[in-house]
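Undergrad: Note that the protein sequences, when read in sequence, are chains A and B. Counted from 1, the first sequence has number 111 at position 111 by my numbering; the numbering is strictly sequential. Counting the second sequence from 1 gives a position; my numbering is that position plus 181.
The set of hints was computed from the structure by calculation and includes no laboratory data. Since the model is a prediction, treat every value here as computed from it, not as a measurement. Treat the hints loosely; a few may be bogus.
Claimed, not checked - Think about it this way: if two alpha-carbon atoms lie no more than 16 Å apart in a straight line, the pair counts; the simulated EDC-like pairs of lysine to aspartate or glutamate are: (1) B:K198 x A:E57; (2) B:K205 x A:E24; (3) B:K205 x A:D40; (4) A:K5 x B:E564; (5) B:K210 x A:E24; (6) B:K568 x A:E57; (7) B:K213 x A:E57; (8) A:K154 x B:E381; (9) B:K322 x A:E57; (10) B:K210 x A:D40; (11) A:K85 x B:E381; (12) B:K193 x A:D46; (13) B:K455 x B:E564; (14) A:K154 x B:E369.
What the hints assert, rightly or not - Not close to chain A: a few residues of chain B, all C-beta gaps over 10 Å, as computed: (15) L195; (16) L197; (17) D204; (18) I211; (19) T212; (20) M312; (21) G330; (22) K331; (23) Y364; (24) G384; (25) I428; (26) I464.
Stated by the list, open to error - Far from chain B by the CB rule (all over 10 Å, computed), these chain A residues: (27) L7; (28) S54; (29) G70; (30) P129; (31) N158; (32) T159; (33) G162.
Virtual Cβ for every residue (Gly too), placed ideally from N, Cα, C.
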Amino acid sequence: MLEDKLLIWKFNRGSREALRSIYEKYKDDLVTLAAALLTDKNLAEDVVHDVFVSFIESARKFRLTGSLKGYLATCVANNARNRIKANQRRYGVALDDANPAAADSNNPEHRAIFGENLGRLSGALEQLPYEQREVLILHSYSGMRFKKIAAQQKVSINTVQGRYRYAIDKLRSMLNGEVRK
Amino acid sequence: MRPADNINQLIKQLQLKASADLDKRVHDKITKAPAELKRKESAVSQSNIRKIIMKSPFVKIAAAAIIIIAAVILLNPFGGSVTWAQVVEPILNARTIICDMIIGDDENNPYMHLIIVGSRIRRTMSNQPGMTHVIDTDSSKVLVLFEQGKTASYVDIEGPVGERYHNYVKFLREVITNHKDNYHELGEQVIDGRKTIVFEASGPNESVKIWADLKTAIPLRIEMTSGQMSAILKNFEFDVPVDESLISMEIPAGYTYKESEVDFSNINEQDFIKGLRVWAEVIYDGIFPENIDSENAMKALPVLREKLDQTNLSDEKATEMGMSFLKGTMFHQTLEFQGNWRYMGGGVKLGDASKVVFWYQPQGSSTYRVIYGDLSVKDVTPENLPK
């Protein structure tokens, strides 16, 4: 945390090295987060790229009020959601039903991205409605609190907690189902 | 497969590596970004302001106050389907924009009426009738017109104050452009009897909410916060023909040119401390106010006027006190560019050396300057900074 504050302090004073350090420190986590949300690594890298471009443009104006990781994770989630919404507008699919590809937890693409075991998880995640997937990933992977997710999604904390419970139940059902196969 | 109860643990194990291609794209961007990173540097180092106006102390103070307080507002960026692109289009491309701007989030606050035509801004304020500003952002000059007495003055706003004006529309448009991939649609809402669609965009230091007419996509209202400040913009008109004379920098017929000097250059910590003393000693009867932002400064101006009227101070002394207040207001706004700051003086008694009123981090410093209730100042390391 202190290290991040120092990096931001330097970043706000025009240090490119600080910016590189921030990128190197968080790039893998952010790519993973975006890939888990979008279940597409190429798209995930585009999201992380765009987030850092915007971050660069915030030079000298940036003020860190929480954790830097949390801030960047929020940016990634916003960017990912906007891409999903853009798809939704284009194809007339509701956000809750936004399953970009024919979902299959045994999809080899997921195994290729995340490896055998986690590939199944990723495939199962893809079958969740986007809003539920987002809550689950932000909470379980990025460690974001329900309250913050609620503020970000502009819904009540009860709704967020409900989405989380639904997501866990569905994943449990899907993954247990696979075990039984 | 692991037991499903371990889903959370499983999710935490997800881990991808950023590709070499992404590394290259981001590092290239960083390498090419020095201009962006250094953009504000020159604005910070320049401070060369001069000149203004008039005879009576409060006319001078009020005229200067509008310039400075409005400059503070211009620090604030605001960005903006019906689409997001449709909604922000008139903001980005309109040749003329007319709107009202309220400082703070209270609809009852005083408002500025703005007519923006290219690099010219004509501005009047609801709480300062009879005074008009025409700002030329290209030359960093303000023409100040006083209806009573029919006098006119030019104010040079080069330096920190002018920089805010200079970047006004450009800055606004930059923020909207920067948020093009980072906005939320919040659904429909009826305001003033009109159906609107609402968008919200947020960045590291600002958030913007835009209400746009559901049929025409024309923005009807914008609420924005930036740093520790907020404002409301409404009553928009885009691309309305504007009479050239309204935004002319020439002194209108019937007005007499007057010149006086007020110096806002080199505003420093001592100016700020003097300003704090005026806040606590004169305006708030020995107590520091809840906040010292531009919204509160505007509300405090009539109180300051009343208090100065009640004193037997000479015009010269009253002017000096008013200017101290304004310089103090300006100081912490410049810190928006230069570093962190926090005001925490609400309710602290003037003279209480045990309570912190304000801290800030001077540009380039690893320590903080902390100002206490007795207006003494100490250097403090980050770990000892008051929470």
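Undergrad: So which of those numbered hints doesn't the model satisfy?
TA: 1, 3, 6, 9, 10, 12, 13, 15, 16, 17, 18, 19, 23, 24 and 28
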